[in-house]
Amino acid sequence: MKSYFLDIYTGLLSIFKGMLLTLKVAFQRKATIQYPFVKRELPSRTRGRLNCNIKDCIGCKLCAVACPVDCIYITTVKREPPEEIPLTSPESGAKQRKFHLPQFDINFTLCCWCGLCTVVCPTECLTMTKEYEFSVTNQKELVWQFGDNQRVGPKESTS
Amino acid sequence: MAELQTQELTINMGPQHPSTHGVLRIELVTDGEICVKAIPHIGYLHRCFEKHAENVDYMGVMPFVDRLDYVASMNNDMTYAMTVEKLLGVEVPKRAEYIRVIMVELNRIASHLLAVGTYGLDIGTFTPFMWAFRDREKILDIFEMASGARLLYNYLWIGGVWMDLTPGIEEKIQEFCDYFEPKIDELDTILSYNQIFINRTKNVGVIPLDLAISYGLTGPNLRGSGLKWDLRKNEPYSIYPELEFDIPVGTGEQGTVGDCWDRYMVRMREMRESLKIVRQALKKIPEGPFRAKMQRVKPAPGESYVRTENPRGELGFYIVSDGGLKPYRVKGKSSCFTSISCLDDLCHGAMIADVVAIIGSLDIVLGEVDR
Chain V
12 MKSYFLDIYT GLLSIFKGML LTLKVAFQRK ATIQYPFVKR ELPSRTRGRL
62 NCNIKDCIGC KLCAVACPVD CIYITTVKRE PPEEIPLTSP ESGAKQRKFH
112 LPQFDINFTL CCWCGLCTVV CPTECLTMTK EYEFSVTNQK ELVWQFGDNQ
162 RVGPKESTS
Chain D
23 MAELQTQELT INMGPQHPST HGVLRIELVT DGEICVKAIP HIGYLHRCFE
73 KHAENVDYMG VMPFVDRLDY VASMNNDMTY AMTVEKLLGV EVPKRAEYIR
123 VIMVELNRIA SHLLAVGTYG LDIGTFTPFM WAFRDREKIL DIFEMASGAR
173 LLYNYLWIGG VWMDLTPGIE EKIQEFCDYF EPKIDELDTI LSYNQIFINR
223 TKNVGVIPLD LAISYGLTGP NLRGSGLKWD LRKNEPYSIY PELEFDIPVG
273 TGEQGTVGDC WDRYMVRMRE MRESLKIVRQ ALKKIPEGPF RAKMQRVKPA
323 PGESYVRTEN PRGELGFYIV SDGGLKPYRV KGKSSCFTSI SCLDDLCHGA
373 MIADVVAIIG SLDIVLGEVD R
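Chains as they are written, first to last, in this note's numbering: chain V, 12 to 170; chain D, 23 to 393.
Warning: the hint list may mix true and false statements.
These stretches of chain D come out as covered by chain V in the derived footprint (C-beta under 8 Å, 3 or more residues) [what the hints assert, rightly or not]:
(1) 75 to 87
(2) 165 to 171
(3) 174 to 188
(4) 199 to 212
(5) 232 to 245
These aren't lab readings, by the way, just hints derived from the structure by calculation.
Positions of the beta carbon are idealized from the N, C-alpha and C atoms, including for glycine.
Using the sequences provided together with the hints, build the complete structure.
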């Protein structure tokens with residue numbers, strides 16, 4: 012009989028303690044932010060959508076090899092002798108661009124955001140941006156083109 | 023009256039059940055309100071990790087390793103990296119080891135927070151879940167600063183870590199440690215010592231020590247049964263011998279040794295120990311390189327097995343190399359798989375409502391069960 016009432020007492024006490032704590036926390040600063048209106052500042056290492064500065068790309072295909080899900084598609088065409096070989100920008104080491112790059116596509120439906128491709132890039136032309144809001148309604152629009160003389164963006168625009 | 027019999031009814035729990043922590047289907051044979059048999063059906067999250075690993079190079083396996091136990095990615099990374107390093111014979115720089123241990127212990131806190139929070143949710147209380155996620159978010163912010171990702175970090179690499187610590191992150195970790203210590207007390211007040219919670223979890227799902235050992239349980243599930251077995255102490259790896267920490271075990275404080283409350287409490291106490299480790303490692307962290315110098319990951323033919331203490335127990339990787347750029351075979355030994363195998367023994371004779379409590383206390387992540 013005694014333990015029965017003791018049980019009720021300890022039960023009520025523990026709930027009261029918890030409620031008191033909840034009340035205290037209720038008046039603390041909110042931990043959430045109103046997302047679409049307020050956006051968090053992302054750190055500099057954020058691994059968002061890939062971006063390729065094709066003017067610095069030398070067509071070595073190291074990124075395509077390093078990619079564990081094979082989501083980077085590159086076609087290279089060798090520049091023949093009469094044609095002058097341009098150089099990449101001085102910041103990236105002024106390397107010779109021996110190839111035309113008619114195709115440099117990245118399929119973001121496959122990409123797993125591991126960042127391994129950005130590490131192996133010798134000219135650091137393939138980088139991860141802070142952009143993370145690029146959802147679309149048609150998955151064909153997630154295949155992006157970065158090739159020579161191409162508009163950077165979805166390869167096929169369905170809208 | 024003696025002839026009056028109730029018919030056994032087979033019901034299906036999951037794979038979309040909110041308290042199965044993923045996609046686990048359990049076939050429950052019930053006798054009224056009592057569960058007679060519980061057969062777990064796994065495989066809904068099978069992603070062919072082991073076969074996949076044979077087709078990418080050693081570094082490329084890392085993102086897949088992240089996705090095994092997706093709430094403790096750092097720990098998985100560390101185990102895999104250590105296995106390949108053993109195969110290569112590479113020595114990891116001291117700074118990298120310290121960074122690794124800091125990250126791994128922070129991830130252990132994050133993982134336990136998720137386990138504890140969702141366990142409360144399973145039992146029927148919502149507030150601790152929100153609080154746990156609020157604090158977990160702070161750890162994820164630290165990880166995001168260091169690695170750039172919030173869940174699948176790919177930060178601990180073969181031979182060290184990807185990049186050095188971001189400037190200012192050490193202060194942030196210190197700040198988190200100071201912030202989080204009182205929050206554990208708050209969680210204790212609102213959940214651990216709440217009478218309703220204790221009554222729901224004490225004497226439920228008792229795993230006696232001999233059953234735990236015969237099933238090969240590891241981690242908090244084994245320690246909850248009262249055995250002091252932690253690979254960080256018993257088979258020290260990395261820099262753990264240099265650090266001081268205790269191993270909490272289940273004592274049967276509220277009911278029987280090895281009940282759900284004990285397993286839950288081991289996790290709560292482990293968070294404090296992890297904080298201790300992080301604090302010590304932050305003080306001792308030396309300067310130096312953060313990654314070992316090596317040409318390319320191409321180990322000589324051979325095999326290696328390394329096991330480490332993950333938040334959920336023992337994770338081991340067995341890698342066979344044929345001298346090529348890709349592993350010949352990668353086998354992952356997961357602790358969740360062994361935990362889930364003893365579900366039938368635990369659920370036999372339990373109430374249906376307690377089945378939820380038992381699954382929650384085992385703290386399984388289906389990503390690791392199915393691989």
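Evaluation of the provided hints:
no. : hint       : in the structure
1   : 75 to 87   : holds (count 8)
2   : 165 to 171 : holds (count 6)
3   : 174 to 188 : holds (count 5)
4   : 199 to 212 : holds (count 3)
5   : 232 to 245 : violated (count 0)
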